[in-house]
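K.L.:
On the provided structure of chain W, position chains X, S and F as indicated by the hints.
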Amino acid sequence: MWVKALPLTLLAIAVGLIVCHLAVPKTRTWVWKVLAAQAVLMFLVQPYFALTWAPREVMMGDPYRIIYMHVPHMFMAFLALPLNVILSVWYLVVKKSWAVDALSEALAEVGVYLGGVGWLLGSIWAKPTWGVYFSPDPRLITAGIMVFLYLGYLTLRRLIEDPEKRATWSAVVSILAGADLVLTWFATKMFRSIHQLPSSPDTVDAQIVMPFRFSLVAFLCFMFVLVWHRYRLALALRKNEIAPPEAVGQTQVIA
Amino acid sequence: MNTLLLADELKPIFIGGGQMQGGWEFVWTAYAVAWAGIILYSLSLWLRVRGQRAKEGVK
Amino acid sequence: MNPPGLLKTTWIVFKKDMQIEWRTRARLNALLFFAVATLLLFYFAIGGDPGTMRKSAGGFLWLALFFSSVLSLSESFRLETENFALEALRLAPTSPRAVFLGKAAANSLLSWVLALALVPLTVAFFDVSIKEGVPRLVLALALGSTAIAAPGTVYSAIATNARARDVLLPLLMFPVLIPSLIASVSSTTLILGGDPMNQMGDWLLFLFLFNLVYWPVCFLVFPKVIEDD
Amino acid sequence: MPQFAFEIKDVSKRYGQHWALARLSYSLPAGKSLLLTGHNGSGKTTLLRMLATSTFPTFGTMTVLGRDTRQARDEIRPEVALLSHASFLYEDLSARQNLRLLASLMGIADAKKVCDELITRVHLNTRGDNPVREYSAGMRKRVAIARLLLKAPKLALLDEPFGELDPQGILEMEALIAELKAKGTSLVLATHLIEQGQRLTDERLHLQAGRVGEVT
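Residue numbers (the working numbering), protein chains in the order written: chain W, 1 to 255; chain X, 1 to 59; chain S, 1 to 229; chain F, 1 to 216.
Chain W extracted, bound-state conformation (with noise of 0.2 Å):
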């Protein structure tokens, strides 16, 4: 069926556009036009195959069609606030970079943005599902905290005027919350757990899959083309703060 192959196909596009960009500067120009075109086209199909063409889900009734958004938002930010910590890891140890650091702005931005809606829509699940709008869930309270702690993040960037004092200190801050998720992930599983187990593709319909796997891969164009640009407007501003005085007034006098 050509449909199941629909996910691969998109997502095989969109890395070579990513590759495109990397590996020829010349095709910049257009490259992230068209995957920008790409998400808004696959934002347009993606409620046809996750609201009609998926079928109802056998114990979970409607509702669990909430998962084609909410799971995609999640993944992004579990992308993009990681490699935020790596980033900032490089950022200290490897090589001190204001690309670096504008990409690490970016991917904090985005990744809150995703992750904050993506609990959301979360929490709107667990509400038919479990009953409760929250629940003291590893994978809840993670996501929550990562969330709180790149708002700190973010907060802490604009409140510090410097930009070597900005990037260094954020650095630390992400550093630190970086380790924090994986502990906050260990302590919250001895606290207890609810959380339903990711099914793995084979056990589930096709049908569900499909859907899933678009939605990944529309979000993770969206996600590419937002950091993109966001990246882009930290750099500028990066630009801005950081050129060099003017060389005039060079005399020297000494009375």
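Hint data in this document are derived by calculation from the structure and do not stem from the laboratory.
Only a predicted model underlies this, so the values are computations on that prediction, with no experimental measurement involved.
C-beta: ideal position from N, C-alpha, C; glycine also.
Some clues are possibly wrong.
If the Cβ cut is set under 8 Å, some of the chain S residues that face chain F in the computed set are [as the list claims (entries may be wrong)]:
| hint | residue |
| --- | --- |
| 1 | I12 |
| 2 | Q19 |
| 3 | T38 |
| 4 | E75 |
| 5 | L79 |
| 6 | T94 |
| 7 | L139 |
P.N.:
Here is chains X, S and F on its own, set in the frame of chain W:
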């Protein structure tokens, strides 16, 4: 982990035991929230990028 | 001149902080009263149900401690930046890592003493008994205190130099401390309420692990925070 | 002995969004003394703090006593002393405790005796054990001078050393500067008292909005 034993008491609560009926209002709410997020964040980013470009154009 | 090594320097910095605490005992008392007042507020907020009070005693003890340690941590760096005294230390020169170890140790000790002071009050207010023995409680309080101090010292060094530092410190610190709070509260509750299923060891081990992660990480990143680079 | 006490090449320093120093170049031969003048906010304090390796240039390179400040800060720090505008003191400790703390961090042998002597030298004997919180501005300055003497520096950086001192203190400060010069210490003196400063120093650098300025 002894604490995990406690988790058994708190297994998922499936309402009624059989197939769950209805619940579309939750789906609509979730989609509304997600779309609001997508549109609002994209819009805010677009405005900021445009503002920055305008500022650089002036220079 | 024979510059002291890392441990000796750490000891000097630690001693300096203790000296300051001792000379400003009034401030220390105020901190203690703040913690007690918080505990009292919780007592009144929860109402009179003895069962609920007993179950929540450990949690309230730690919350009171968390709130007062925000104050003591921000104070700990306020006095370093008041006259740029930290700059004199750095230029002496002092290893920034020793500064971290010294100050974090001082902050740990302070939280720990505060925690010990709060124990009798918790027992009295919330009508609990120390079922699993005092040594275990002392250990749990010590591990919880050091868990607050390591990231707390780094965040307080950052927050003290940013605008709106009083809001920023808890905003940054509390989410990071949540795992340690979960473990501290769980172990303390078990010590106070009895531990029929032998879970306390797991929680204490987790607290130890938290320290094991954060002390080295903070030790490594702290110089980046206080030294311009 | 390096040829220059310090060399700065095209140094700029940003604070927040503001350039405290912009494209500044200057070198001071070893053993010489420099008078640093300029209006408030012209970058004098920033320059002194950078020479003391307290902060580092945003652009450009800076060497002190022949070594790059950023790379060799640990080697430079024991040999450079900064008498700053800020008192660098713990308000809750006494003058004696403040001094002893630094002496022990520097690893000075016989710290107790050395500190007592310095306290006597700056005339703080009677109140040396009171907390600094109770001191006047002039007394704080005296403690700061004692701290400078603790180090026996090769490069001394004095930021407004005459400010807040009484006439007696100013005379002693002048004597101290002469003494440092006699020992061969390189010296930077930042002050608004230009005539007094010129009497005490060999060269002059005037700063204007973070750049080398014309003397008017």
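K.L.:
Are the hints correct? Go through all of them and say.
P.N.:
Each hint tested on the structure:
For I12/S, the interface hint holds, since its Cβ comes within 8 Å of a Cβ in chain F; the closest pair sits about 5 Å apart. Given hint, Q19/S at the interface with chain F, holds; its Cβ is 6 Å from that chain's nearest Cβ, closer than 8 Å. This hint is violated: T38/S has a C-beta 25 Å from the nearest C-beta of chain F, more than the 8 Å allowed. At about 11 Å, the closest approach between the beta carbon of E75/S and any beta carbon in chain F exceeds 8 Å, and the interface hint on this residue is violated.
Against a cut-off of 8 Å between C-beta atoms, the interface hint on L79/S holds, since the closest Cβ of chain F lies about 6 Å away. Interface hint at T94/S: satisfied, since its Cβ lies 5 Å from the closest Cβ of chain F, which is below the 8 Å cut-off. At a threshold of 8 Å, the smallest CB-CB gap from L139/S to chain F is about 32 Å, leaving the interface hint violated.
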